[in-house]
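*Asks:* Start from the sequences, fold in the hints, and give me the full structure.
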Amino acid sequence: MSLAVTLSRAQEGVAAPQVMVEVHLSGGLPGTNIVGLPEAAVREARDRVRVAIQNTAFEYPNRRVTVNLAPAELPKDGGRFDLAIALGILAAGNQVPREKLDDCEFLGELALSGALRGVSGVLPALLRARARGRKVVVPRANAAEAALIPDADVRVADTLAEVCGWLRGGQDLALPIGAEIAADATYGPDLIDVRGQRQARRALEIAATGGHHLLLVGPPGTGKTMLAERLPGILPPLTESEALESCAILSVAGQVVDPSKWRRRAFRAPHHTASAVALVGGGSQPRPGEISLAHNGVLFLDELPEFSRHVLDVLREPLESGSIVISRASRQSTFPAQFQLVAAMNPCPCGYAGDPRQRCQCTPDQIQRYRGRISGPLLDRIDMCVDVPRQPLTELSAKRGAHDEDSATVRARVVKARHQALVRAGRSNAEISTRELERDCALGPAERAWFEGALERLGLSARAYHRTLRVARTIADLDGGAAALDRVHLAEALQYRRF
Numbered sequence: 001m002s003l004a005v006t007l008s009r010a011q012e013g014v015a016a017p018q019v020m021v022e023v024h025l026s027g028g029l030p031g032t033n034i035v036g037l038p039e040a041a042v043r044e045a046r047d048r049v050r051v052a053i054q055n056t057a058f059e060y061p062n063r064r065v066t067v068n069l070a071p072a073e074l075p076k077d078g079g080r081f082d083l084a085i086a087l088g089i090l091a092a093g094n095q096v097p098r099e100k101l102d103d104c105e106f107l108g109e110l111a112l113s114g115a116l117r118g119v120s121g122v123l124p125a126l127l128r129a130r131a132r133g134r135k136v137v138v139p140r141a142n143a144a145e146a147a148l149i150p151d152a153d154v155r156v157a158d159t160l161a162e163v164c165g166w167l168r169g170g171q172d173l174a175l176p177i178g179a180e181i182a183a184d185a186t187y188g189p190d191l192i193d194v195r196g197q198r199q200a201r202r203a204l205e206i207a208a209t210g211g212h213h214l215l216l217v218g219p220p221g222t223g224k225t226m227l228a229e230r231l232p233g234i235l236p237p238l239t240e241s242e243a244l245e246s247c248a249i250l251s252v253a254g255q256v257v258d259p260s261k262w263r264r265r266a267f268r269a270p271h272h273t274a275s276a277v278a279l280v281g282g283g284s285q286p287r288p289g290e291i292s293l294a295h296n297g298v299l300f301l302d303e304l305p306e307f308s309r310h311v312l313d314v315l316r317e318p319l320e321s322g323s324i325v326i327s328r329a330s331r332q333s334t335f336p337a338q339f340q341l342v343a344a345m346n347p348c349p350c351g352y353a354g355d356p357r358q359r360c361q362c363t364p365d366q367i368q369r370y371r372g373r374i375s376g377p378l379l380d381r382i383d384m385c386v387d388v389p390r391q392p393l394t395e396l397s398a399k400r401g402a403h404d405e406d407s408a409t410v411r412a413r414v415v416k417a418r419h420q421a422l423v424r425a426g427r428s429n430a431e432i433s434t435r436e437l438e439r440d441c442a443l444g445p446a447e448r449a450w451f452e453g454a455l456e457r458l459g460l461s462a463r464a465y466h467r468t469l470r471v472a473r474t475i476a477d478l479d480g481g482a483a484a485l486d487r488v489h490l491a492e493a494l495q496y497r498r499f
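FYI, in full-length UniProt numbering the residues of the sequence shown are 1 to 499.
Treat the hints loosely; a few may be bogus.
Said to hold, decoys possible - For lysine to any residue, the following SDA-like pairs were computed, each having C-alpha atoms within a straight-line distance of at most 25 angstroms: (1) Lys100 with Phe58; (2) Lys416 with Ser241; (3) Lys100 with Ala70; (4) Lys399 with Arg202; (5) Lys399 with Gly188; (6) Lys100 with Arg132; (7) Lys399 with Arg195; (8) Lys261 with Gly118; (9) Lys261 with Leu422; (10) Lys100 with His24; (11) Lys100 with Arg117; (12) Lys399 with Met226; (13) Lys416 with Lys399; (14) Lys100 with Thr66; (15) Lys261 with Ala15; (16) Lys135 with Pro71; (17) Lys135 with Asn68; (18) Lys100 with Arg134; (19) Lys399 with Asp193; (20) Lys100 with Ala131; (21) Lys261 with Asp302; (22) Lys135 with Gln18; (23) Lys135 with Thr159; (24) Lys100 with Ser2; (25) Lys261 with Met226; (26) Lys135 with Arg168; (27) Lys399 with Arg357; (28) Lys261 with Ser323; (29) Lys261 with Gly283; (30) Lys399 with Ile192; (31) Lys135 with Ala147; (32) Lys135 with Glu12; (33) Lys416 with Glu242.
What the hints contain is simulated information worked out from the structure, not anything from laboratory work. Here the structure is a predicted model, which is why all the values come from computation and not from measurement.
*Replies:* Next comes the structure, spelled out in structure tokens:
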């Protein structure tokens with residue numbers, strides 16, 4: 001029989017659909033043909049594989065070789081199928097045993113010497129193979145990534161010859177060994193470095209507890225960026241499943257996973273010159289953008305009005321749905337984008353509107369145009385807005401007081417309050433549905449009448465109504481977890497809707 005089948009996995013967003021590599025040897029003029037919607041890099045595999053087999057001291061069949069990558073309608077790209085194609089050709093020619101290929105998947109690009117080179121997107125493939133109960137062989141260059149899943153059955157190899165020797169009953173392949181995974185999150189800048197700014201610190205704690213989006217407004221040099229950079233340090237550590245999700249996105253993007261930051265939430269801060277594709281992802285072969293790389297973490301947009309309005313408006317749908325769908329003529333890819341948006345901006349073009357120490361040089365029309373760069377629908381999706389005013393010099397030089405808490409102290413309160421939300425609804429307050437909102441944000445008749453009157457006077461939308469209730473629920477959780485919201489919680493939540 002001159003037919004052999006090996007298994008591999010394609011890359012489609014953060015999914016890793018299975019690909020069957022069917023190899024058939026037949027009579028006719030010698031040559032190799034690859035079918036099954038291969039991109040250029042896959043079509044070129046016929047030359048890489050042929051030379052690699054010859055340089056590994058195996059015989060390349062002097063026959064007609066047909067390679068089919070199934071399913072045929074799934075586009076295939078990259079060099080990730082090289083190893084599976086090479087083993088299929090060798091198995092079809094009876095140079096390696098076919099039965100050893102049945103419960104194993106293969107990923108890796110071949111050099112002309114027969115050495116294996118690393119590929120991107122290994123982590124999603126390993127997660128899917130683990131669910132199917134199969135072994136996976138990957139290049140040693142991907143060993144650190146493979147070691148992140150301790151219960152996966154993975155082997156690593158340096159060359160095609162090693163893999164063939166293992167399949168023929170020779171020496172076993174090595175297990176993946178990576179850097180030691182941090183048991184706990186490693187935290188970055190500490191909140192204790194921030195002096196004063198009590199209201200901004202309070203808003204940061206509320207945002208961390210409920211997963212709410214936050215806008216910081218203030219003159220230059222008042223600590224907006226400093227506060228935003230310290231948000232990851234007060235967020236709860238990632239769970240194992242969340243950490244694997246985040247690492248899978250990094251793997252698809254071709255970025256190195258740092259095991260020392262295994263449980264730490266991402267903090268992405270793209271420059272305001274970033275394009276819409278850089279922010280949400282895209283390309284002819286869709287790749288994740290900044291919002292997906294910030295999945296389960298923080299996306300910080302400094303100098304918010306300096307971003308193109310078109311770029312900012314592409315955030316509107318992901319902020320609601322928690323994912324981004326990128327459609328191209330030949331494929332559609334979905335990337336998760338459950339991120340927490342933190343933005344910072346000056347109150348006017350010169351930056352000093354409302355500053356008691358420095359006079360603003362902007363006209364009312366200039367201020368209006370500056371603020372108008374941010375669309376109303378985007379502002380409506382931001383839960384909280386807080387002023388970050390200039391602090392007195394005496395505050396900056398004074399000794400630390402009781403209000404100048406470090407990140408560990410604040411994080412303990414955040415974890416405790418967020419745990420109440422997880423017990424109650426299974427998710428953070430920012431993610432609860434409208435039905436869960438009605439159940440968990442009970443208002444008495446007096447509180448409801450007062451709240452609805454306040455919303456009417458402020459002219460807030462239905463979306464703002466629900467978002468304000470979610471913030472009030474978070475404030476109540478920090479205040480001990482009262483079942484019913486009172487006027488104090490509602491009033492504090494409403495003050496953060498002053499855009």
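*Asks:* Against each hint, give a clear statement of whether it holds in the structure.
*Replies:* Results for each hint:
Annotation: proposed proximity of Lys100 to Phe58 holds, straight-line Cα distance about 18 angstroms (limit 25 angstroms). For a cut-off of 25 angstroms, the pair hint linking Lys416 to Ser241 stands: about 20 angstroms separates their Cα positions. Proposed proximity of Lys100 and Ala70 is supported: the alpha carbons are some 20 angstroms apart, at most 25 angstroms. In summary, the hint linking Lys399 to Arg202 is supported, as the alpha carbons are separated by about 20 angstroms, within the 25 angstroms threshold.
As the CA atoms of Lys399 and Gly188 are separated by approximately 23 angstroms, the hinted pair is consistent with the 25 angstroms bound. A distance of roughly 17 angstroms separates the Cα atoms of Lys100 and Arg132; the hinted pair therefore holds under the 25 angstroms criterion. Restraint check: the Cα-Cα separation between Lys399 and Arg195 comes to about 9 angstroms, which is no more than 25 angstroms; the hinted pair holds. Pair hint Lys261 plus Gly118 holds up; C-alpha atoms about 22 angstroms apart against a cutoff of 25 angstroms.
Taken as a hint, the Lys261 and Leu422 pair is honoured in the structure, with Cα atoms around 24 angstroms apart against an allowance of 25 angstroms. With a C-alpha separation of about 18 angstroms, the suggested pair Lys100 and His24 falls inside the 25 angstroms cut-off, and the hint holds. For the hint pairing Lys100 with Arg117, the CA-to-CA distance comes to about 23 angstroms; that is within 25 angstroms, so the pair holds. Restraint check for Lys399 and Met226: the C-alpha separation of about 19 angstroms stays at or below 25 angstroms, so the hint holds.
Distance hint between Lys416 and Lys399 is unfulfilled; the C-alpha atoms sit about 29 angstroms from each other, more than 25 angstroms. A threshold of 25 angstroms between alpha carbons decides the hint, and for Lys100 with Thr66 the separation of about 21 angstroms falls inside it, so the pair holds. Between Lys261 and Ala15, the direct Cα distance comes to roughly 23 angstroms. Compliance with the 25 angstroms bound is thereby established for this hinted pair. Restraint check for Lys135 and Pro71: the C-alpha separation of about 21 angstroms stays at or below 25 angstroms, so the hint holds.
Distance restraint check for Lys135 and Asn68: the Cα-Cα separation of roughly 22 angstroms lies within the 25 angstroms cut-off, and the hinted pair is therefore satisfied. For the given pair, Lys100 sits about 12 angstroms from Arg134 by alpha-carbon distance, which is consistent with the 25 angstroms threshold. Using a Cα cut-off of 25 angstroms, the hinted pair Lys399 and Asp193 holds, with the two alpha carbons roughly 12 angstroms apart. The hinted pair formed by Lys100 and Ala131 meets the criterion: a straight-line CA distance of about 20 angstroms does not exceed 25 angstroms.
Pair hint Lys261 plus Asp302 holds up; C-alpha atoms about 24 angstroms apart against a cutoff of 25 angstroms. Between Lys135 and Gln18 the CA atoms are separated by roughly 14 angstroms; this keeps the pair inside 25 angstroms, and the hint holds. In summary, the hint linking Lys135 to Thr159 is supported, as the alpha carbons are separated by about 18 angstroms, within the 25 angstroms threshold. In summary, the hint linking Lys100 to Ser2 is supported, as the alpha carbons are separated by about 16 angstroms, within the 25 angstroms threshold.
Between the alpha carbons of Lys261 and Met226 the distance comes to roughly 20 angstroms, so the proposed pair stays at or under 25 angstroms and holds. Only pairs whose Cα atoms come within 25 angstroms are accepted, and Lys135 paired with Arg168 is accepted, the gap being roughly 16 angstroms. As the CA atoms of Lys399 and Arg357 are separated by approximately 24 angstroms, the hinted pair is consistent with the 25 angstroms bound. At roughly 23 angstroms between alpha-carbon atoms, Lys261 and Ser323 fall within 25 angstroms of each other, so this suggested pair holds.
A threshold of 25 angstroms between alpha carbons decides the hint, and for Lys261 with Gly283 the separation of about 28 angstroms lies outside it, so the pair is violated. A threshold of 25 angstroms between alpha carbons decides the hint, and for Lys399 with Ile192 the separation of about 12 angstroms falls inside it, so the pair holds. Under the criterion of a C-alpha separation no larger than 25 angstroms, the hint pairing Lys135 with Ala147 is consistent with the structure, at around 14 angstroms. For the proposed pair Lys135 and Glu12, the alpha carbon gap of about 21 angstroms is at most 25 angstroms, so the pair holds.
At most 25 angstroms may separate the alpha-carbon atoms for a hinted pair to count; Lys416 and Glu242 meet this at roughly 19 angstroms.
Checked against the numbered hints above, the structure violates hints 13 and 29; every other hint is satisfied.
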